[in-house]
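**Student:** As a plain string of letters, each chain reads:
2 protein chains.
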Amino acid sequence: MSNKPVDHQDHHEAIETVRHLIKGIDTAMLTTVTSEGLVSRPMKTQEVEFDGDLWFLTKKDTNKYDELKDNPEVNVSYVGKSYVSVRGRAELVTSPEKVKEFWNAAYAKFLDTTPEDPNLVLIKVEPDTVEYWETGSISKMAQRFFHKLTGKGKEDVNLNSTVKL
Amino acid sequence: MSNKPVDHQDHHEAIETVRHLIKGIDTAMLTTVTSEGLVSRPMKTQEVEFDGDLWFLTKKDTNKYDELKDNPEVNVSYVGKSYVSVRGRAELVTSPEKVKEFWNAAYAKFLDTTPEDPNLVLIKVEPDTVEYWETGSISKMAQRFFHKLTGKGKEDVNLNSTVKL
Chain A
1 MSNKPVDHQD
11 HHEAIETVRH
21 LIKGIDTAML
31 TTVTSEGLVS
41 RPMKTQEVEF
51 DGDLWFLTKK
61 DTNKYDELKD
71 NPEVNVSYVG
81 KSYVSVRGRA
91 ELVTSPEKVK
101 EFWNAAYAKF
111 LDTTPEDPNL
121 VLIKVEPDTV
131 EYWETGSISK
141 MAQRFFHKLT
151 GKGKEDVNLN
161 STVKL
Chain B
1001 MSNKPVDHQD
1011 HHEAIETVRH
1021 LIKGIDTAML
1031 TTVTSEGLVS
1041 RPMKTQEVEF
1051 DGDLWFLTKK
1061 DTNKYDELKD
1071 NPEVNVSYVG
1081 KSYVSVRGRA
1091 ELVTSPEKVK
1101 EFWNAAYAKF
1111 LDTTPEDPNL
1121 VLIKVEPDTV
1131 EYWETGSISK
1141 MAQRFFHKLT
1151 GKGKEDVNLN
1161 STVKL
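Chain order of the listed sequences is A and B.
Once you know that position 155 of the first sequence is 155 in our numbering, the rest is easy, because the numbers rise by one and skip nothing.
So the number in our numbering is just where the residue sits in the second sequence, counting from 1, plus 1000.
Mixed in with the good hints there might be a few duds.
[What the hints assert, rightly or not] Here are the simulated EDC-like cross-link-like pairs (lysine to aspartate or glutamate), alpha carbons at most 16 angstroms apart as the crow flies: (1) 124(A) <-> 49(A); (2) 81(A) <-> 131(A); (3) 44(A) <-> 1134(B); (4) 81(A) <-> 1026(B); (5) 1044(B) <-> 134(A); (6) 100(A) <-> 49(A); (7) 1124(B) <-> 1091(B); (8) 98(A) <-> 49(A); (9) 1044(B) <-> 1026(B); (10) 1081(B) <-> 26(A); (11) 44(A) <-> 26(A); (12) 60(A) <-> 70(A).
Since the hints were derived computationally from the structure, they do not count as laboratory data.
Isolated chain A (complex conformation):
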């Protein structure tokens, strides 16, 4: 936890805004760093409501598992009514309890397994900065930043920075 006081109102608002931005987008693109460069792949998003961390489900025998062990820096992007970029770090979590919490029928089909599969692993992404561009205007898109969304870092939540694209 941060030693600095966190503005809970702003923190709450930031979570709410991101929850709204990504709601209903059932697939995100997860970008990882490999020895060859940057690769991305579609990931089924969680049905459990966003509360500050993003959770994805995968298997240990995948390239992304190895890539994340080597380099946890990731970007998660969402394309929907807005374009959302989440910069953060991924943590690989082996937890049968968490798997059950996030499990739903879509994963059974998508991953072709059951929630008891010991090969399952969760990717927990702690957002560092969330940026989004609204698509209401065909000309310039508004861009907003959320720094240290979770309030765990050295910066407080910042809802107000707006920069030109």
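Fit chain B to the supplied structure of chain A, relying on the hints for placement.
**Tutor:** Below, chain B without anything else, positioned relative to chain A:
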């Protein structure tokens, strides 16, 4: 150019396939490496037909210009009927002729300038590997790789690799 013979049939097919995959998707997410981590942002895609390289238009006074000068590794992802991931390297090209070639009315609005603006710069992405996932099936998505799409690298075009997601 490669010293190795390139299979022009496969090369041509790969270009055609990628052209088809990204056709009509007017915004892509461009991911770059920064000192803080991976960031992505929406980029208006070219209207000129894809011929092996991806071209984007931006300005020199942007974060992405500085980021690409520091580290040219990028990922470009397209979300449409399929999910497409392009791993490659970006080159910053200052060329009034190329700007005019790619210019269209949407850029005038989006970048709020004219094609004569000396601040304009093109981002040319040479794809190294293109992967895509088809979304026809709700269960598993087919993934295909195109290695060294342009045939300029050490590997030839490979249309046949298919791996499980």
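**Student:** Against each hint, give a clear statement of whether it holds in the structure.
**Tutor:** Against the structure, the hints come out as follows:
1. 124(A) <-> 49(A): Holds: residue 124(A) and residue 49(A) sit about 14 angstroms apart, inside 16 angstroms.
2. 81(A) <-> 131(A): holds, 14 angstroms
3. 44(A) <-> 1134(B): holds, 14 angstroms
4. 81(A) <-> 1026(B): holds, 14 angstroms
5. 1044(B) <-> 134(A): With Cα atoms ~14 angstroms apart, residue 1044(B) and residue 134(A) stay inside 16 angstroms; holds.
6. 100(A) <-> 49(A): Holds: residue 100(A) and residue 49(A) sit about 15 angstroms apart, inside 16 angstroms.
7. 1124(B) <-> 1091(B): Judged against 16 angstroms, a Cα distance of about 5 angstroms means the pair holds.
8. 98(A) <-> 49(A): Holds - the C-alpha atoms of residue 49(A) and residue 98(A) are around 14 angstroms apart, at most 16 angstroms.
9. 1044(B) <-> 1026(B): Distance ~6 angstroms between residue 1044(B) and residue 1026(B) Cα, so the pair holds.
10. 1081(B) <-> 26(A): Measuring from Cα to Cα gives roughly 14 angstroms; hence the hint holds.
11. 44(A) <-> 26(A): holds, 6 angstroms
12. 60(A) <-> 70(A): holds, 13 angstroms
Violated hints: none; the structure is consistent with every hint.
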